[in-house]
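Asks: Residue numbers (this note's numbering), protein chains in the order written: chain A, 193 to 494; chain B, 419 to 668.
Take the hints with a grain of salt, since some may be wrong.
Unchecked claim - Label-pair restraints from in silico Cβ distances:
hint: 1; chain 1: B; residue 1: L452; chain 2: A; residue 2: D206; range: 47 to 57 angstroms
hint: 2; chain 1: A; residue 1: G416; chain 2: B; residue 2: G436; range: 57 to 67 angstroms
hint: 3; chain 1: A; residue 1: D372; chain 2: B; residue 2: S420; range: 24 to 34 angstroms
hint: 4; chain 1: B; residue 1: V535; chain 2: A; residue 2: A249; range: 47 to 57 angstroms
hint: 5; chain 1: A; residue 1: E199; chain 2: B; residue 2: L613; range: 56 to 66 angstroms
hint: 6; chain 1: B; residue 1: L438; chain 2: A; residue 2: G352; range: 21 to 31 angstroms
If you're looking for bench data, these hints aren't it; they were derived computationally from the structure. Just so you know, even glycine gets a beta-carbon here, dropped at the ideal spot from N, CA and C.
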Amino acid sequence: MDAVRTEGLTCRFDPLHGVDGLELRVPAGGIYGFLGPNGAGKTTTIRLLLGLLRPQAGRVWLLGREQRRDAADAREGVGALVEYPSLYAHLSGRDNLEVSRRLLGIPRERVDAALDRVGLLGDAGRKAGVYSLGMRQRLGLALALLNRPRLLILDEPGNGLDPAGTLQMRALIRSLAHDDGITVFLSSHLLAEVEHMATHIGVLHAGRLRYQGSLADLQGRMCGQVRLQCADRGRLLDCLATLGEVGQVDGDDVVVRPARHDDSQLLRALVLAGVPVHGFHRERPTLESLFFGLTDVHGDLA
Amino acid sequence: MSASMRGALAAEALKLRGTLAAWMCLIAPVLVVLLYVLQLAVSGSGAATGLEWTGFLRSLLALWALLMLPMFVTLQAALIAGLEHRDRQWKHLLALPVPARHHYLAKAATLAAMLLVAAACLMVAAPMGGALLQWLRPEMGLGGMPPWGWLAIQIAAMTAAAAWMAVLQLWLSLRWSSFSVAIGVGMAATIVGFLVGQSARYGPFFPWSMPLNTLAGGGELAGWLAAAGTMGGLATGAIALGRLLRRAPD
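Taking the hints into account, I'd like the entire structure generated from these sequences.
Replies: Written out as structure tokens, the structure reads:
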């Protein structure tokens, strides 16, 4: 069962903003990175998933239950942090959680358990208004965890965090997925953040899903290039041409995207031809390069 | 009452901890009593003819109904709605597995409770103000027991008649996140209510002047205004709830 599934989800505010015909499939378990540039429709998608917006067309299922705006039970087992955390500044961190606890009607012990999980137990008595940005983000995450969710929907959780805060947040999210078995749906425009955490990704551009699947699959589909170091570049280029491959000089190196050989065949052919190759390195595409490839109008893989 | 609704009410109570809104339930009635007593004590008006309890309380309640009650309702509605608007709490609240109507109903119940607490404070503060005035200016003739029954019925009628105004003000405050919209409309309506309230023809039908009109005429009009205010509040509340439930949070 998919933790999140949508069918033809559409909500257009104008021709440039909103989402169009979204077919999300978020497998249960693991971390799904929902990537897209600013204005791509990530927050709109999250608001639609949580029933905060009414779709113009399409349907949403969370944990197998169909989501409707007026059906509170469809959000059982779902925790969310939408955009930045919404806190009552005049209340302490603990009381902020207590407000949600009373609304949810869950045991009192859950408050301290959630605070402990995000490392805020020591500061729980301080007013939320004096919390740093990182502490606010962690308190927001504690609010999302209060109901012991099986699905956690996080909208840009790394926004505004310093490097140390980013690392803490990343470790926490990874631990929630791996140790607690929570499916995490994480939207971000920070490619490095998603690359370090996500098992699956969806790439949204201009309200449309450009790719969805595992990160490894995507890297496989968009093969990288081979970088060669050789003392005699002229001979290397001639040999590559003989083998039916096209090499290009890049600084001191030669790069090639092998079309007719796999890596081992190519290396063997060059050595047998007596080309003095002393470096052979396959470059895997980074998520960044994949992302820009996909969000280019010509790079649609979906 | 469902457990979820009880939870929503308990959450509202916690949100009010240490807020101005909570203190205003005490401050507003005490302030209006103190100001009126101070004015009488300084000016000495009524000393020549003698004031008596009913006259003193009637003028005091008129001041409450005309000015302080509409302003109190305006401010309280804006403050309790502002708790959710300030940090865009609605998106968190409405994403919880709790029926959305419970959040709005809990807000209405909170405002109703605040009105009742303020009314109870006024019920205590008004005779205390009279006693203070008697101590300061014995010649005003406020001796003896205050008319407790009359005072209780009058404050109850006034509070019930304020229900329509309170619901309208709460709807405005929940619908628009801007504090100034709710305050601006409330202030303007208070002034209009002051003018309309002097008209025997239109005064009993304008929500902001209905509490004041409970003092006019006999008990029959007060009873009618209390019922009309409550019914108007309930009907408007049902419409407001339907409209708010259809609306996406900011």
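Asks: All hints, please: hold or fail.
Replies: Hints versus structure:
1. Restraint check, B:L452 to A:D206: a C-beta distance of roughly 56 angstroms satisfies the suggested window 47 to 57 angstroms.
2. Taken as a hint, the range 57 to 67 angstroms holds for the pair A:G416 and B:G436, whose Cβ atoms sit roughly 59 angstroms apart.
3. Our hint of 24 to 34 angstroms for A:D372 and B:S420 holds, since their Cβ atoms are close to 30 angstroms apart.
4. Range check, B:V535 to A:A249: Cβ separation about 48 angstroms, and the 47 to 57 angstroms hint holds.
5. At about 58 angstroms, the CB distance of A:E199 to B:L613 agrees with the hint of 56 to 66 angstroms.
6. Distance hint for B:L438 and A:G352: a CB-CB separation of about 30 angstroms, consistent with the stated range 21 to 31 angstroms.
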